[in-house]
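**Q** Sequence:
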Amino acid sequence: MYIRNAVEADLSAIVTIYNASIPSRLATADLNPVSVESRLEWFYQHSSTSRPILVMETDKVILGWLSFQSFYGRPAYQATAEISIYVSPVYQRQRVAYKLLESAVSLSPSLGLNTLLGFIFAHNQPSIKLFELFGFQIWGHLPQVANLDAIERDLLIMGRKIT
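So the sequence shown is numbered by the numbering used here: it starts at 31 and just counts up by one.
Hints are computed from structural coordinates only; laboratory data are not their basis.
One thing to keep in mind: the hints can contain errors.
What the hints assert, rightly or not - Computed cross-link-like contacts, EDC-like style, restricted to lysine to aspartate or glutamate with a CA-CA straight-line distance of at most 16 Å: (1) Lys129 / Glu87; (2) Lys129 / Glu162; (3) Lys90 / Asp40; (4) Lys159 / Glu132; (5) Lys191 / Glu162; (6) Lys90 / Glu38; (7) Lys191 / Glu132; (8) Lys191 / Glu112.
Claimed, not checked - Taking CB as the label site, the calculated pair distances span: (9) Ser80 / Ala152: 26 to 32 Å; (10) Glu71 / Gln155: 31 to 37 Å; (11) Gln167 / Thr88: 30 to 36 Å; (12) Leu70 / Pro119: 21 to 27 Å.
Backbone N, C-alpha and C define an ideal beta-carbon position, used for all residues, glycine too.
Model the full assembly from the supplied sequences, consistent with the hints where possible.
**A** And the structure:
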């Protein structure tokens with residue numbers, strides 16, 4: 031297993047993994063699957079030198095991915111990024127997310143980042159515990175901001191300063 035920057039040829043696997051997360055209502059506020067075409071612009075908004083998408087791969091199979099996203103789109107927040115992690119259901123609970131997050135934290139200084147954020151549903155305990163392992167703390171709590179199948183869900187903002 032190794033982690034590398036994503037290339038456009040990975041987009042189909044990235045979308046498949048993302049879409050697999052939708053039914054659980056744990057990791058995304060999307061309610062319906064997305065298409066590869068609808069994610070092309072998102073893919074090209076990323077840069078390997080500032081806001082990469084990382085994939086973990088073994089034997090030419092993408093196990094999971096992590097993306098860095100600019101926070102709030104204003105220049106004063108240039109050193110802050112939101113990270114998102116998605117893992118193929120087949121490879122969950124095999125430390126894929128752990129290794130991706132470990133790589134993101136390590137890579138952050140070379141990307142000019144000093145703050146990382148994660149937006150995590152409060153009922154997504156596995157993700158909360160993972161982020162806590164890496165020193166993230168709850169910096170914000172947005173009560174009942176998401177409606178998932180007629181259930182109002184809280185969103186936590188978890189943050190970590192990179193030294």
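**Q** Now, for every hint given, state plainly whether the structure supports it.
**A** How the hints compare with the structure:
1. Lys129 / Glu87: holds (12 Å)
2. Lys129 / Glu162: Roughly 14 Å between the alpha carbons, so the hint for Lys129 and Glu162 holds.
3. Lys90 / Asp40: holds (10 Å)
4. Lys159 / Glu132: The given pair, whose Cα atoms are some 14 Å apart, holds under the 16 Å limit.
5. Lys191 / Glu162: holds (13 Å)
6. Lys90 / Glu38: holds (14 Å)
7. Lys191 / Glu132: With Cα atoms ~14 Å apart, Lys191 and Glu132 stay inside 16 Å; holds.
8. Lys191 / Glu112: Given pair Lys191, Glu112 holds - Cα atoms ~12 Å apart, limit 16 Å.
9. Ser80 / Ala152: 26 to 32 Å: holds (30 Å)
10. Glu71 / Gln155: 31 to 37 Å: holds (32 Å)
11. Gln167 / Thr88: 30 to 36 Å: Once the Cβ atoms are compared, 32 Å apart, the range 30 to 36 Å for Thr88 and Gln167 holds.
12. Leu70 / Pro119: 21 to 27 Å: Holds, at about 24 Å.
The structure is consistent with each of the numbered hints, conforming to all of them.
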